[in-house]
Amino acid sequence: MEHAVQLEELQLVEALRAGDERAFEELVRMYQGALLRVAQIYVSSRAVAEEVVADTLLAVLNGIDRFEGRSSLKTWIFRILANRAKTRAQREGRTVPFSALGDSEPAVEPNRFDRGHWTAFPADWPEARLLGDETLKVVEDAIEKLPPSQRAVITLRDVQGWSAEEVCNALELTGTNQRVLLHRARSKVRRALEEYLSEDE
Amino acid sequence: MTKTAEQLSCQELVELVTDYLENALPAEERARFERHLAGCDGCTAYLEQMRTTIELSGRLTPEQLDPAAEAALLGAFRDWKKH
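Protein chains in written order, with my numbering: chain A, 12 to 212; chain B, 347 to 429.
The shape of chain B in the complex, shown without the other chains (with noise of 0.2 Å):
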């Protein structure tokens, strides 16, 4: 129970993140974050800025096959299709 009273840091905070975005929080560490988080502007921008991370690599175009390594499979495929 003490532990749970306990007031969580800055710096515990920080390294939560993405348990309490993957709801990976059991319940009472999940109401301790979000008690912290009410009352500190710091936690709160820092969590944004994570969101925002997150989107932005959303938007990235995802890596692609070499264009003669993706027609050598293509010509792979149609050897294949005649078996």
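Next comes chain A alone, as it looks inside the complex (with noise of 0.2 Å):
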């Protein structure tokens, strides 16, 4: 698996030395969702962020011949990236701590709970509205509502499905704060699903 990752990223360095446009696209279809995300964690806006994931990508480009391997073409990029962006967001006068964990809201309200245990169990989720277009609206929405560090690990870890280990490289995270980021995160979302899920049709 891991050799077959090295494999693949190894050919897609060649072809961008080589100067293939194909290799470029894939480039950016492969990361621009992440780059995005991570990006918005240190400035402010979306157009800001749309740029310095475009002067990234270019970096790459001009970087390429002396890419070594030493790291993965991955953590390679998102190095590129958060430089980048922390110099962007200096400019605008932001401080951006990565260390800050976001709110630290319990995973369930309080008044679920009595003496620590359930008042009432957790409703089942009706199945067929799981499956609605609307259901991934909302799930959409609460992870756009997080705070910039919880949202950009959820969408490297459930969203793109990146594991632990490369999301605590490309963000620099430890493995502990890669996980209360992750659990803060998805508590939210399931919060919002149910009570999305509870409300009348």
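No lab work stands behind these hints, which were simulated from the structure alone.
Heads up, the beta-carbon is just placed ideally off N, CA and C, and yes, glycines get one too.
Take these hints with a grain of salt, some might be off.
[What the hints assert, rightly or not] Computed, partial: chain A to chain B, Cβ under 10 Å:
#1 Leu18
#2 Leu21
#3 Arg48
#4 Arg126
#5 Ala134
#6 Val150
#7 Thr187
Two chains, each in its own frame: build the complex with the hints.
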């Protein structure tokens, strides 16, 4: 598995060096979503994030001959992004401590428990509504409303399917902090779903 | 020993769900978690909802660059290639 990924990456790097346009399109396709989310941890607007992502992808091209494969391509790209986004944030006068884990609400409202036990069990979610497009919209909106660091982690892990290790490397997070951010993010998305699915149709 | 023998409450369990799913709980803590789960329909339902939540996130389409920005990038790529 690891080996296959490395091989694929190596082929992509070689194709980029050779100036293969399809390889560049592939690179953009693979990373644009994740890059946008991570950029938005640092900068204030979506528009600025788009610029930072474009800058990053061009910096990747310009640096591709120097890429030695000591880290994965993914890690290397996200380091370039983080540097550029931080520089941009400084220019905007923003300081973004990524150590900020966002808020620390409990996963479930305390009033759902009595002396530590459920007052009422979580209700079953109706399968038919779960599968509706509107449900996905609820998930999307809930992710959108998260603090940027939580939003980035849940996007990389659950939307994009990265491993915990990849997220820690790309965001320079400890394993523990990565889990804290993921936990807060997932808990809030679950709450949004619960709220939506318990409404009357 | 007293700590591990202690029962986990539902309110404590919900805060450990991510660590559980990430295989980050120490063995004894994991055993406590699973013991509680085996006897609690509420927490079993909760864990299932968290799994459903994760699965639903996995069905979202990742964000994309604005088409104009993507076109500009391709243009920049073609310029880069000429060097």
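Item to check | List of violated hint numbers, smallest to largest | outcome: 1 and 2
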